[in-house]
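Undergrad: Spelled out, the chains give:
2 protein chains.
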Amino acid sequence: MSDSPVSGPAVLVAPISAAALAEVRFDAQGLIPAIAQDAVTNEILMVAWMDRDALLRTLSTGRACYYSRSRRSAWMKGESSGHLQILREIRIDCDGDVVLMKVDQLGGIACHTGRRNCFYRKLENGDWVNQFEPVKSEAEIYGER
Amino acid sequence: MSDSPVSGPAVLVAPISAAALAEVRFDAQGLIPAIAQDAVTNEILMVAWMDRDALLRTLSTGRACYYSRSRRSAWMKGESSGHLQILREIRIDCDGDVVLMKVDQLGGIACHTGRRNCFYRKLENGDWVNQFEPVKSEAEIYGER
Chain V
2 MSDSPVSGPA VLVAPISAAA LAEVRFDAQG LIPAIAQDAV TNEILMVAWM DRDALLRTLS
62 TGRACYYSRS RRSAWMKGES SGHLQILREI RIDCDGDVVL MKVDQLGGIA CHTGRRNCFY
122 RKLENGDWVN QFEPVKSEAE IYGER
Chain Z
2 MSDSPVSGPA VLVAPISAAA LAEVRFDAQG LIPAIAQDAV TNEILMVAWM DRDALLRTLS
62 TGRACYYSRS RRSAWMKGES SGHLQILREI RIDCDGDVVL MKVDQLGGIA CHTGRRNCFY
122 RKLENGDWVN QFEPVKSEAE IYGER
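So the sequences go chain by chain: V and Z. Quick note on my numbering: the first sequence kicks off at 2 and runs consecutively. Quick note on my numbering: the second sequence kicks off at 2 and runs consecutively.
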């Protein structure tokens, strides 16, 4: 793990009341989908899951943290790649069962494939067609594995 | 149900190959989260769920269709309110487990509360604070119930 130093505007470390936390509706598995949206361009960067701890860690650190269903553990986005997501604001929807974060995406890369966001496959003439290429290769980001 | 007539640009009716459909990863309940994003402003309008039939109905009608987990049935967004979502493009993410639609939101109202989108509650000083008010009341949209 290499936590890159963060430059730029001050990090938002957001408190949450017990009442507000109780309005967040985690599902039967204790999870809620969380969208990361670029704070400047409104581009949707990625969607992942949070458990209660990941949400609280996001709010206390000001960096997006998620819960990996496959690895069954929490992770801070960018903890390996340096591509941290700095929290600018956080919202929930009308039903309280989706989280929306506006973030500054460090390195301009949100996707583990090295692309700027995860939604690069668009339906065209019946097939999913890549709309843009990686900014960096996975080997460049994570090293040879 | 009052299906409002649709004006404006032609509806996209999107075919999908069997191979492309097989790349869409529905969860153990047969569902996938779907984001509706305003095609012009990139504002996130709402997030709901699709099953396979809702996805195919979305593609064949060119209007966003979802699956209601509480009612256990498919629905076309706007079938009661007239606030249809006209599909402009559809993407999936790197893992194939999230759908992103860019849509034209008829009536400028996506949320069942009458607001333009569902993400009107922002965390401020520890509590969720409404950022904007309904364009119309629920009674105006759905009639007195």
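These are calculated hints, taken from the structure and not from any lab test. Take the hints with a grain of salt, since some may be wrong.
To be verified - The calculated lysine to any residue pairs, modelled on SDA-like cross-linking and capped at a C-alpha distance of 20 angstroms, are:
(1) Z/LYS137 with V/ASP96
(2) Z/LYS103 with V/GLN132
(3) Z/LYS103 with V/PHE27
(4) Z/LYS103 with Z/LYS123
(5) V/LYS123 with Z/VAL41
(6) V/LYS123 with Z/VAL14
(7) Z/LYS123 with Z/GLY108
(8) V/LYS123 with Z/VAL25
(9) V/LYS137 with Z/CYS95
(10) Z/LYS123 with V/ALA40
(11) V/LYS123 with Z/PHE27
(12) Z/LYS103 with V/ALA19
(13) Z/LYS123 with V/ALA19
(14) V/LYS123 with Z/GLY108
(15) V/LYS123 with Z/ARG117
(16) V/LYS123 with Z/LEU60
(17) V/LYS123 with Z/ASN43
(18) Z/LYS123 with V/ARG122
(19) Z/LYS123 with V/ASP98
(20) Z/LYS103 with V/ASN43
(21) Z/LYS103 with V/ASP128
(22) V/LYS137 with V/ASN126
(23) Z/LYS123 with Z/GLU141
(24) V/LYS123 with Z/ALA15
(25) V/LYS123 with Z/LYS123
(26) Z/LYS103 with Z/ILE142
(27) Z/LYS103 with V/LYS137
(28) V/LYS123 with Z/LEU22
(29) Z/LYS137 with Z/GLY108
What the hints assert, rightly or not - Pulled from the structure, derived: some chain V residues nowhere near chain Z, Cβ distances all over 12 angstroms:
(30) GLY31
(31) ASP39
(32) ARG53
(33) ASP54
(34) SER74
(35) MET77
(36) GLU80
(37) SER81
(38) LEU107
(39) GLY108
(40) ARG122
By construction, the Cβ of each residue, glycine as well, lies at the ideal position given by its N, Cα and C atoms.
Undergrad: Return the numbers of the hints above that this structure violates; sort them in rising order.
TA: 3, 4, 7, 12, 14, 15, 18, 22, 23, 25, 26, 27, 31, 40
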